[in-house]
Amino acid sequence: MGYDDSAIEKTNITENFDFTGKASEYFSIWIVNVALTILTLGIYSAWAKVRTNQYFYSNTYLDGASFRYTARPIQILKGRIIAFAIFMAYYASSLVSVQMTMIILGVIMLLVPAFVVMSMAFRLRNSVYRNVRFNFDKNFKQAYKVFIIPVIFIGAYLIVAAQMQSIATENPQETLILSITVMILLLSIFLMVPWWEYMITLFKAEHSKFGGANFSLTATLKNYFGMYAKGYGLSMLMFAGLGIIVAVLIPMISSSEAPDSMGVFIPVVIIVFALPVYLWVFAYFQTKRTNLVYGNLVIQEHKVQAELKVGAMMLLYLTNTLAIMFTLGLMMPWAKVRTARYKASVMSVLVAGDLGQFVSTQAEHQSALGEEIGEMFDMDLGF
Amino acid sequence: MISGFYFDGKTSDKKRCTLQYDEQGYIRFTDIDVARVHIDSIQISSRLANTPRYLNFPDGSLFETTDNDAVDKLVAIFKPSFLNGVLHGLESAKIWVITSVSVVILFGWLLIQYGIPHFSKEVANMLPTEASQYMGQGVLEIMDENWFKETKLSINKQDELRLLFSQLLDNIEDSNHYKLEFRFGGPIQANAFALPNGTIVFTDELINLAENNLEIASIMLHEAGHVKHHHSLRSTIQQFSLAMFVMVVSGDVSTSSSIVSAIPLMLVESGYSQKMESEADSFSLDYMLKHNINPIHFVAIMEKLEASYSDSYDDCMEDSKEDLKQNDCLKEAVEKKKKSIDGKNLTDYFSTHPNMQKRIDKFRKAK
Numbered sequence: 001m002g003y004d005d006s007a008i009e010k011t012n013i014t015e016n017f018d019f020t021g022k023a024s025e026y027f028s029i030w031i032v033n034v035a036l037t038i039l040t041l042g043i044y045s046a047w048a049k050v051r052t053n054q055y056f057y058s059n060t061y062l063d064g065a066s067f068r069y070t071a072r073p074i075q076i077l078k079g080r081i082i083a084f085a086i087f088m089a090y091y092a093s094s095l096v097s098v099q100m101t102m103i104i105l106g107v108i109m110l111l112v113p114a115f116v117v118m119s120m121a122f123r124l125r126n127s128v129y130r131n132v133r134f135n136f137d138k139n140f141k142q143a144y145k146v147f148i149i150p151v152i153f154i155g156a157y158l159i160v161a162a163q164m165q166s167i168a169t170e171n172p173q174e175t176l177i178l179s180i181t182v183m184i185l186l187l188s189i190f191l192m193v194p195w196w197e198y199m200i201t202l203f204k205a206e207h208s209k210f211g212g213a214n215f216s217l218t219a220t221l222k223n224y225f226g227m228y229a230k231g232y233g234l235s236m237l238m239f240a241g242l243g244i245i246v247a248v249l250i251p252m253i254s255s256s257e258a259p260d261s262m263g264v265f266i267p268v269v270i271i272v273f274a275l276p277v278y279l280w281v282f283a284y285f286q287t288k289r290t291n292l293v294y295g296n297l298v299i300q301e302h303k304v305q306a307e308l309k310v311g312a313m314m315l316l317y318l319t320n321t322l323a324i325m326f327t328l329g330l331m332m333p334w335a336k337v338r339t340a341r342y343k344a345s346v347m348s349v350l351v352a353g354d355l356g357q358f359v360s361t362q363a364e365h366q367s368a369l370g371e372e373i374g375e376m377f378d379m380d381l382g383f
Numbered sequence: 384m385i386s387g388f389y390f391d392g393k394t395s396d397k398k399r400c401t402l403q404y405d406e407q408g409y410i411r412f413t414d415i416d417v418a419r420v421h422i423d424s425i426q427i428s429s430r431l432a433n434t435p436r437y438l439n440f441p442d443g444s445l446f447e448t449t450d451n452d453a454v455d456k457l458v459a460i461f462k463p464s465f466l467n468g469v470l471h472g473l474e475s476a477k478i479w480v481i482t483s484v485s486v487v488i489l490f491g492w493l494l495i496q497y498g499i500p501h502f503s504k505e506v507a508n509m510l511p512t513e514a515s516q517y518m519g520q521g522v523l524e525i526m527d528e529n530w531f532k533e534t535k536l537s538i539n540k541q542d543e544l545r546l547l548f549s550q551l552l553d554n555i556e557d558s559n560h561y562k563l564e565f566r567f568g569g570p571i572q573a574n575a576f577a578l579p580n581g582t583i584v585f586t587d588e589l590i591n592l593a594e595n596n597l598e599i600a601s602i603m604l605h606e607a608g609h610v611k612h613h614h615s616l617r618s619t620i621q622q623f624s625l626a627m628f629v630m631v632v633s634g635d636v637s638t639s640s641s642i643v644s645a646i647p648l649m650l651v652e653s654g655y656s657q658k659m660e661s662e663a664d665s666f667s668l669d670y671m672l673k674h675n676i677n678p679i680h681f682v683a684i685m686e687k688l689e690a691s692y693s694d695s696y697d698d699c700m701e702d703s704k705e706d707l708k709q710n711d712c713l714k715e716a717v718e719k720k721k722k723s724i725d726g727k728n729l730t731d732y733f734s735t736h737p738n739m740q741k742r743i744d745k746f747r748k749a750k
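Quick note, the sequences are listed as chains A and B, same order.
Numbering of the first sequence is given in the working numbering, commencing with residue 1 and proceeding in unit increments.
Numbering of the second sequence is given in the working numbering, commencing with residue 384 and proceeding in unit increments.
Derived DSS-like pairs: lysine-lysine, alpha-carbon spacing no greater than 25 Å straight-line:
(1) B:LYS477 - A:LYS22
(2) A:LYS309 - A:LYS222
(3) A:LYS209 - B:LYS393
(4) B:LYS398 - A:LYS209
(5) A:LYS303 - B:LYS393
(6) B:LYS393 - A:LYS138
(7) A:LYS209 - A:LYS343
(8) B:LYS748 - B:LYS658
(9) A:LYS303 - B:LYS398
Quick look at which bits of chain A chain B covers, simulated, 3 or more residues with Cβ under 8 Å:
(10) 53 to 59
(11) 65 to 76
(12) 126 to 139
(13) 351 to 359
Keep in mind that the hints were calculated from the coordinates and are not lab data.
No experiment lies behind these values; they were computed from the predicted model shown.
We put the CB at the ideal spot given by N, CA and C, even for glycine.
With the rest of the complex left out, here is chain A (with noise of 0.2 Å):
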């Protein structure tokens, strides 16, 4: 990939991203980077995401121009030191008593929403693109405006469930109550689901910046809405053909085969049928997920453009976990770049004019610490 002058007339141009990876390269980074890591028992992990962060940043191209991640890794560490240290605290305290370990439990829920704005600005913030770096503002407020519903239902179920516990054996009418109660609980967080998933995703976007710009997304709650119908309708008709191809089929085999093999039998029959089923659920939510965020992102007059495709997605997850668990690992790099050079082959921008009316603002310094806390507990923070 070379740099081609982009055209300058005023007319609407689709500019490709373009990701120039290799997995021998990228092999190669990587393995230096574990290897380091595991010699300065684990300090040089916050350089080697940095490096990481660096290559694959740095091989994404949009119009001739690439990125660049600027966190540098002291700031990494200190933000790993102390999430080492909450983890620390979260595993010594189940050691200690279930309520402790509640409690830190609690303490963390309670400030995941913060965690999730300063992860976004410090990755925000750390990327840039034609020297303009990428923004968030950290509206804490707003953070928590969006996260308290769900968690006030998730809350409620909790306490209705652990009292349905302690008095199950005592009073029948009264766990018919609590049980209806948990139904409608479950119900209204299931349903729910779907207009959280567009509360959080139209939040992330539309406090995202470009230099001065502000992102909107286009995308609508009811597109959440019919993503999931699609997805939970669909996935329920498969499961409900893998019932009756079970049920068909362990009869037939059963009568041709010894009874005690049938123990080993079943479970193999429902892999080879269920797995396939599993893994287009969650290829189905990861594609439909990235087109509706990264497929309606605007900035400016430029409209983002995403169109993955399940069948694809499919290919490459498969592939991807055979790869690596028939490797111990040692094919990951390979995985983690096709991916990324997929992502790139089928995600553009549709250009209105040129990429450089974007103006620049003054960048502000950043922790590290949502970032690397936010990670540490597992939250899928992308952008």
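Position chain B against the provided structure of chain A, taking the given hints into account.
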């Protein structure tokens, strides 16, 4: 002459240009009207594979180029330093990459095989006994609520076993906090386990399996071995260390919980668990040999325990209500099961307990 793009840092405007430098190290651009800058005030990104290089100018402007060789040459002339491209050197030389692969495999193996178990053992031994007193508090209560029922053993039988237990403890150091509990197992079936705070729980089903109290004693000793060696504490520390290891190596938290690492992690963890079971077995065996208890009692109870999980055992329990008949049926089930235990199965690698035949043989051969 290096060709690339110039970005002024005020807007996202991109200008194609060529960078030129003279012998004194002054840099200027063709086609762009900016004052010349000396290379000492420029920050040049270090090389990373074939990704573009970024030259940061003091006024906030940036020059981006894919001509890595030309930038390397510029750096070599004006900013010679040992540190230049050390990492790139490691990452691009085959010998270092191969060395890294060996380091990762060797140290990874050493760490998993010896490092983490040893570390956990040291930490567990360092912590005061009181530490594990609090551990797992409430675990028995939770099990009582969900699975166990009150024991159906007679008070006499209970007292008899408690006496046996305290006699055994007389020869174990620091065993004041060990406690014996009985429960009706129900779904837990015939089983015994040790809680980190020293409470050892037997199910009625296991007591009923035993033909004499020495068989029960051999299991009590096995469980006492778990408590003595702080196994609960150690396995918690091991799990934590292992999670950290996977996280650090993969550079990614989600990997430690993803399907990709699930199987290797399960293998490692069951390996750790099997090691601890063997340790508890050894504790029991050593004690028995030292105090003249025939190890064959452990063999006898283990064979019955194994058989109790088989289908034919369940059939016995359902079919014959009379105790005598049931005992015969059970003996038959044990014999049947004995014949089917052979060699190492694939499932052994995933099991939390070592291969039953091996465990039994260890006791049978010890005389």
